[in-house]
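Peer 1: Chains A, B and C, in that order, give the protein sequences. The first sequence begins at 671 in this note's numbering and counts up by one. The second sequence begins at 67 in this note's numbering and counts up by one. The third sequence begins at 5 in this note's numbering and counts up by one.
There may be inaccurate statements among the hints.
Stated by the list, open to error - Some, not all, of what chain C presents toward chain B, calculated at C-beta under 8 Å:
1) P18
2) E92
3) T156
4) D159
5) R163
6) L166
7) A167
8) K199
9) V201
10) E203
11) I204
12) Q300
The hints are simulated quantities; they were obtained by calculation from the structure and are not laboratory data. Glycine included, C-beta positions come from ideal geometry on N, C-alpha and C.
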Amino acid sequence: MAGATIWKGYIHFKDTDVAVKLHNAVREERIQFHLLHKRDKVRLRQQMICTYEKQPVPAEEQCKGFEVEEGKYVIVDPEELEQTAPESTRMIEVHEFVKTEQIDPIFLDRLYYLEPDNPEIHGKGYNALVRALKEMGVEGICTWTIRKRSYLGALQARGKMLRLNALRYADEVVPATSLGLRDVSLSEKELKIGGLLIEKLTAPFEPQKFENEHQKKLQEMIEKKARGEKVVVSAPRRLKPTESDQLLQALEASLKKAA
Amino acid sequence: MAVQGMWSGTISFSLVAIPVRLVKAIEPGRISFRLLHNKDYSPLTRKMFCPKGETAVPPDEMIRGYEIMPDQYVLMTDEELESVSPERSRTIEIVEFIDMKEVDPIYYDHPYYLVPSKGGEKAYQLLVEVMHRTNKAGLAKFVLAEREYLVAVTPRDGALALVTLHYSDETLPDEDISPKKGKDAAEEENRIKKNIEQMIEDFNPGKYADERRKKLMDLLKTKAKEKAPVEAPAVEEGEGEGPADLVAALEESMRKVKESR
Amino acid sequence: MSRTFVEMAGRRLPLSNLEKDLYPSYGFTKAHILEYYRRISPFILPHLKDRALTLKRYPEGVENDFFFEKRCPSHRPAWVKTAEIPQEDGERRRVCLVNDLETLMWAENLASLELHVPLARARSAETPDSMVFDLDPGDQANILECARVALTLRDLLSRMGLASYVKTSGMKGLHVYVPLNRKETTFEDTKTFSKAVAEIMQKHYPDLVTAKMDKKYRKAKVFINWSQNDASKTMICVYSLRAREKPFVSFPLEWKELENLAGSGDPEKLQVMTSEAVSRVEKKGDLFQEVLVKKQKLPHL
Chain A
671 MAGATIWKGY IHFKDTDVAV KLHNAVREER IQFHLLHKRD KVRLRQQMIC TYEKQPVPAE
731 EQCKGFEVEE GKYVIVDPEE LEQTAPESTR MIEVHEFVKT EQIDPIFLDR LYYLEPDNPE
791 IHGKGYNALV RALKEMGVEG ICTWTIRKRS YLGALQARGK MLRLNALRYA DEVVPATSLG
851 LRDVSLSEKE LKIGGLLIEK LTAPFEPQKF ENEHQKKLQE MIEKKARGEK VVVSAPRRLK
911 PTESDQLLQA LEASLKKAA
Chain B
67 MAVQGMWSGT ISFSLVAIPV RLVKAIEPGR ISFRLLHNKD YSPLTRKMFC PKGETAVPPD
127 EMIRGYEIMP DQYVLMTDEE LESVSPERSR TIEIVEFIDM KEVDPIYYDH PYYLVPSKGG
187 EKAYQLLVEV MHRTNKAGLA KFVLAEREYL VAVTPRDGAL ALVTLHYSDE TLPDEDISPK
247 KGKDAAEEEN RIKKNIEQMI EDFNPGKYAD ERRKKLMDLL KTKAKEKAPV EAPAVEEGEG
307 EGPADLVAAL EESMRKVKES R
Chain C
5 MSRTFVEMAG RRLPLSNLEK DLYPSYGFTK AHILEYYRRI SPFILPHLKD RALTLKRYPE
65 GVENDFFFEK RCPSHRPAWV KTAEIPQEDG ERRRVCLVND LETLMWAENL ASLELHVPLA
125 RARSAETPDS MVFDLDPGDQ ANILECARVA LTLRDLLSRM GLASYVKTSG MKGLHVYVPL
185 NRKETTFEDT KTFSKAVAEI MQKHYPDLVT AKMDKKYRKA KVFINWSQND ASKTMICVYS
245 LRAREKPFVS FPLEWKELEN LAGSGDPEKL QVMTSEAVSR VEKKGDLFQE VLVKKQKLPH
305 L
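Bound conformation, chain A alone (with noise of 0.2 Å):
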């Protein structure tokens, strides 16, 4: 079942307009730890300590600065950053529509159903947009804003269901660049080969195939833990690099393991 509805409201471009509810697409789950004190195992919370008075601070003092200059900051305080915030509205604005293979997936943040409200007034432009959205291969860039916060994203088609896809802004995604990487001379030989590999170690993406095996294994390593048995500690398994002149080789062998 998708998660329970987040928000109510309506898709808006010209002088289309869709109802819809916001579902959550994803769940995750995990075994969460705790820190604790090794000394007396108990868990650690976690405090925010003025660097001048070397003491707690309660939520209800702290308060947030932009530095200016060193030391010097001005103080926003929350309604001050609401007001910043675009209105919280029940729209979701579509500004503009791009192709879905213009958008690059860095920019992919969580997705989110949009289940039809009262299909029988809207349901026509529903399922219309839907079948719009994928003969065109496009996405609409919108914006919306849930409790106080604005988000991007791109109103995506898939199956029968409209989605939303949130995404992260331009700002906040380190340029692949600015990592300095070198340029190393590839011979076409070993580029060759490394295409033939690839092509032979290709398979069609099925993600039921992936379980979360380690979570089951520690899970009995917690249990196993519990009963006071003893665990069994081994180093992690470490790869030799292969050496830049060993490459062409290792390819060669890899290619000849995968035939």
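Fit chains B and C to the supplied structure of chain A, relying on the hints for placement.
Peer 2: Leaving out everything else, chains B and C in the frame of chain A:
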């Protein structure tokens, strides 16, 4: 290259192993705030405290615990955690290559970059280039801290990006909320298509980020003009706290300085 | 807006508004600034290398607002080297490293007149490679009083077995540096040591020196600011320009020279401007070179 990694190990495909480090691909927006104490405007630091003690607990006195009963924990050392899946905690092994177009965006979780460590540059670039030419991505599993991730390794502007993916059982079904088959609405569809046609642009997410930042910058500028910025008092411990040895040595040196003048 | 392109080491850098006068009461344009930093680059770059740069930009000149930025701007060119530095609040900040002439020119094209850097390198942000005494004259005191304090400080440190080096701040004060260059030294060490030194100085010269931050104690005295010995603090880099009415530079002096100048009674003589800075450093070399390499251990800690 001085990027500090949060994880280091090797990425492998078949018999090729490349030493790499993991770095962030997402940084919080450019305008960042500092948490301050509203009484003296001193910056706050994050510290872990033991409820039984008055002082912050240093990292080497901390240990992870899993709560099996209220206030009863099973302790886990880093070494134990690493040995849960020893083959995956330091190795990202690409098990197969896939076409990224087949990956429903619902699986996308968080992107990172891999950067080559010393000696790995050539094999790294080969993997980038070959995946780029064949339009493929590598699928792998690896363990970071307490969690195992299914990841896709893709080429991006000459670098390897690593995207953590959700497991399929983390994605929720949508049948219960999907629309019932409605009547054909060709007219409606054509009207919508015309609307869309007029609004097609190139993908340029930069313009949305700028708008948000501009509003905030304007606010900060106005505020800075209205009122002088606040300044934290200098951290000043009581006087004469210097180590006795040092203070005595300084006194002695000072006496000599004065004598020789 | 006027634009020119320069090619350096195969990198193309657009330069803009070269004719803009950023020191209007003196007359010193962006072209002058770029030229100054180009000529001083062999001497300033070793001191900037691998350190997190704090940008202080004056796009409208020294008489107008400046922009302060510790984060490396996202619009940086690809070849600008960066590092991530963990912050006290648990976040990490990406900073610019000025390791080559191209990056220096890029920063100056953004009108970053003042170049501020920490006392530690980015990859070992908790290890200071020098200890500093920031001598700051209060009202009714000037750089000559600072010089007297600096000379006494030199003697005291030397009796403790530590060599020290002095530079002008380019504003009203002096900076005394003690090279350490040992990976075992922490900011806690340098803070404890420098504070004890400042307090001894205050005790023996109560009419001349204060070790207290509070401005009310500073009148007619020299404040020995030891609290700059902190991972979160930055110092103006040696040879950096200052944003004042004239293009003064933070410039290293020989102790002998400081003795002579202190005796002359003319505070103006202690200030060094760009043209003099270039000719002096080209003739005498980098007087601050030892700060980067000399290994010294703080005694009695």
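Peer 1: Look at each hint and say if it fits the structure.
Peer 2: Hint by hint, here is what the structure shows:
no.: 1; hint: P18; in the structure: violated, 19 Å
no.: 2; hint: E92; in the structure: holds, 4 Å
no.: 3; hint: T156; in the structure: holds, 7 Å
no.: 4; hint: D159; in the structure: holds, 4 Å
no.: 5; hint: R163; in the structure: holds, 4 Å
no.: 6; hint: L166; in the structure: violated, 10 Å
no.: 7; hint: A167; in the structure: violated, 14 Å
no.: 8; hint: K199; in the structure: holds, 7 Å
no.: 9; hint: V201; in the structure: holds, 6 Å
no.: 10; hint: E203; in the structure: holds, 6 Å
no.: 11; hint: I204; in the structure: holds, 5 Å
no.: 12; hint: Q300; in the structure: violated, 15 Å
Hint check: violations occur at hints 1, 6, 7, 12; the rest are consistent with the structure.
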